[in-house]
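Undergrad: Please build the complete structure, drawing on both the sequences and the hints.
In this note's numbering, the protein residues as written are 1 to 382.
In short, the hints are calculated from the structure, not lab data. Source: prediction; values computed, not measured. Heads up, the beta-carbon is just placed ideally off N, CA and C, and yes, glycines get one too. Check each hint, because a few of them may be wrong.
[Stated by the list, open to error] Distance windows between CB atoms, simulated:
1) R333 x L356: 18 to 28 Å
2) Y103 x A269: 20 to 30 Å
3) S319 x F236: 24 to 34 Å
4) W192 x A293: 57 to 67 Å
5) A269 x D350: 19 to 29 Å
6) A133 x T282: 46 to 56 Å
7) R351 x A137: 49 to 59 Å
[Claimed, not checked] No more than 27 Å apart at the CA atoms, straight line, and that leaves these computed lysine-lysine pairs for DSSO-like:
8) K311 x K363
9) K311 x K370
10) K370 x K302
11) K81 x K147
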Amino acid sequence: MPYIETKTQSKEEASRDSVIVRTSVLGIAANLFLAAFKAAAGLLSGSIAVVLDAVNNLSDAASSVITIVGTRLAARQPDKKHPFGYGRIEYLSAMIISVIVLYAGITSFVESVKAILHPEAPDYSPLTLVIIAVGVAVKIVLGRHVKAVGERVHSDSLVASGEDARLDAVISASTLVAAVLFILFSVSLEAWLGTVISVIIIRSGVGMLRDTLSQILGERAEASLAREIRQTVCSFPEVQGAYDLILNNYGPDAFNGSIHIEVADTMTADQLDVLIRTITRTVYEKHNIILTAIGLYAVNTKDQEAAALQKEVYRIALSNPHVREIHGFYYEREEHLMRMDLVVSLDAPDRPAVVLEVCDALKAAYPDIKPLITLDTDFAED
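TA: Below, the structure written as C-alpha cells:
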C-alpha cells in the first residue's frame with residue numbers, strides 16, 4: 001500500500017537504528033575498558049570473582065555487537081521472500097543476548113561452587129578495590145542509560161543489555177563487599193556471594209528468554225493501543241462502531257492490521273471507498289499502523305422494527321457472563337434471518353458452547369427468526 005508518508009517513516013527508522021548503534025558502541029567501549037582492568041586486577045589479587053567479572057564484561061561487549069548486527073539486519077527492506085520486512089530479527093538478537101546472560105550465570109555458578117569446594121585466599125590491593133569500585137559506578141550508569149534508551153526506542157536488545165549491565169553492577173558490588181570483609185576480618189565470602197548472585201543472574205536470563213520467546217510466538221496488542229485505534233476510527237461520523245481489530249507485529253513498532261466498521265446500509269460504494277481510504281491514512285498518520293483491510297458491517301437504517309429487535313437481542317446475548325460484545329447485527333426481514341458476531345471471552349471454558357447457549361436463548365425469544373451467529377474473538381482482551 002503506497003504511502004507518501006513512508007519516506008518519513010524511513011527517516012524515523014533510520015534515526016532509531018542510529019540511536020541503537022551509538023548506544024551499543026558506547027557499551028562495547030565501556031565493557032572492553034572494564035574487562036581489561038578487571039582482568040588485570042583479578043590476576044594480581046588471585047580473585048576468581050574479579051576474573052569472572054572481567055569475562056562477564058567481555059560477554060556484554062559481545063551482546064552489544066549482536067545488538068548492532070541485529071539492528072542492521074532488521075533494517076533491511078522487504079523483498080519477495082519476506083514481504084513484511086526483517087524487523088523480527090531484533091527479537092532473535094534479544095534472544096541470543098538472553099542466552100548469553102543465562103550462560104554467564106551458569107558459568108559463574110559452576111566456578112563459584114568450585115571455589116567453595118577448593119578455596120584459595122585472595123590477595124586484594126588498594127588498586128584492586130579502586131578498579132572494582134570504578135567498575136560498579138560505570139556499570140550502574142551504563143546500565144541505566146542503555147535500558148532507558150532501549151525503552152524509549154522500543155529495542156528489546158538494548159533493554160536486555162541494560163538489564164545485564166545492572167546485574168553486573170550487583171556482581172561487582174558484592175565482590176567489593178567480599179573484598180572489604182576479607183581485609184577487615186580475614187573471612188572469604190566471595191565464592192558464597194558468587195553462588196547467590198549466579199542464581200539471580202540465571203533467573204534473570206530465564207525471564208528475559210521467556211519474554212523474548214513470547215514476543216516471537218506473537219503476543220496480543222496492548223489494550224490501550226487497541227482502544228486508541230478504535231477511538232480514531234470511530235471519530236469519523238459515518239462510522240457507528242469499530243470491531244475485530246487484529247494487529248500483527250513484524251518487529252518493534254511495526255504493525256499491520258485489519259478492522260471491521262459498522263456503517264449505514266444506505267452508503268454507496270464510492271462513499272465507502274473514500275471513507276476507507278481516509279480511515280487508513282489517518283490511522284497510519286496517528287499510530288504508524290498500516291490497516292491492510294477494513295471490513296464492513298451494514299446497520300439497519302430503513303427498518304425501525306430492526307432497531308428495537310437489535311436492542312433486545314443485545315440484552316439477551318450480553319446476559320451471558322462470557323459474552324464480551326455483540327456487533328455486526330443485521331436483520332433481514334424477507335429471509336427471517338438475523339446475523340451477528342458474538343465476542344466470547346478467552347476465559348470461557350467452552351467458547352462454542354456459549355454461542356449455542358445464546359443461540360438457543362434467541363430462538364426461544366424469537367421462534368420465527370433464525371439467528372446466524374459467528375464466534376468472534378477480541379485479540380486485545382484485557
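Undergrad: Determine for every hint whether it applies to the structure shown.
TA: Hints, one by one, checked against the model:
1. For the hinted restraint 18 to 28 Å between R333 and L356, the CB-CB distance of approximately 25 Å keeps it satisfied.
2. Distance hint for Y103 and A269: a CB-CB separation of about 60 Å, inconsistent with the stated range 20 to 30 Å.
3. Remark: the range hint 24 to 34 Å for S319 to F236 is upheld by a beta-carbon distance near 31 Å.
4. The beta-carbon spacing between W192 and A293, approximately 60 Å, falls within the hinted interval of 57 to 67 Å.
5. Separated by about 40 Å at the C-beta atoms, A269 and D350 break the suggested range of 19 to 29 Å.
6. A beta carbon spacing of about 55 Å between A133 and T282 agrees with the range 46 to 56 Å that was offered as a hint.
7. Taken as a hint, the range 49 to 59 Å holds for the pair R351 and A137, whose Cβ atoms sit roughly 55 Å apart.
8. Taking the CA atoms of K311 and K363, the gap is near 16 Å; set against the 27 Å cutoff, the hint holds.
9. Pair hint K311 plus K370 holds up; C-alpha atoms about 17 Å apart against a cutoff of 27 Å.
10. With a C-alpha separation of about 20 Å, the suggested pairing of K370 with K302 holds against the 27 Å cut-off.
11. Of the supplied pair hints, the one linking K81 and K147 is violated, its CA atoms being roughly 33 Å apart against a limit of 27 Å.
Consistency with the previously given hints fails for numbers 2, 5 and 11, ordered from lowest to highest.
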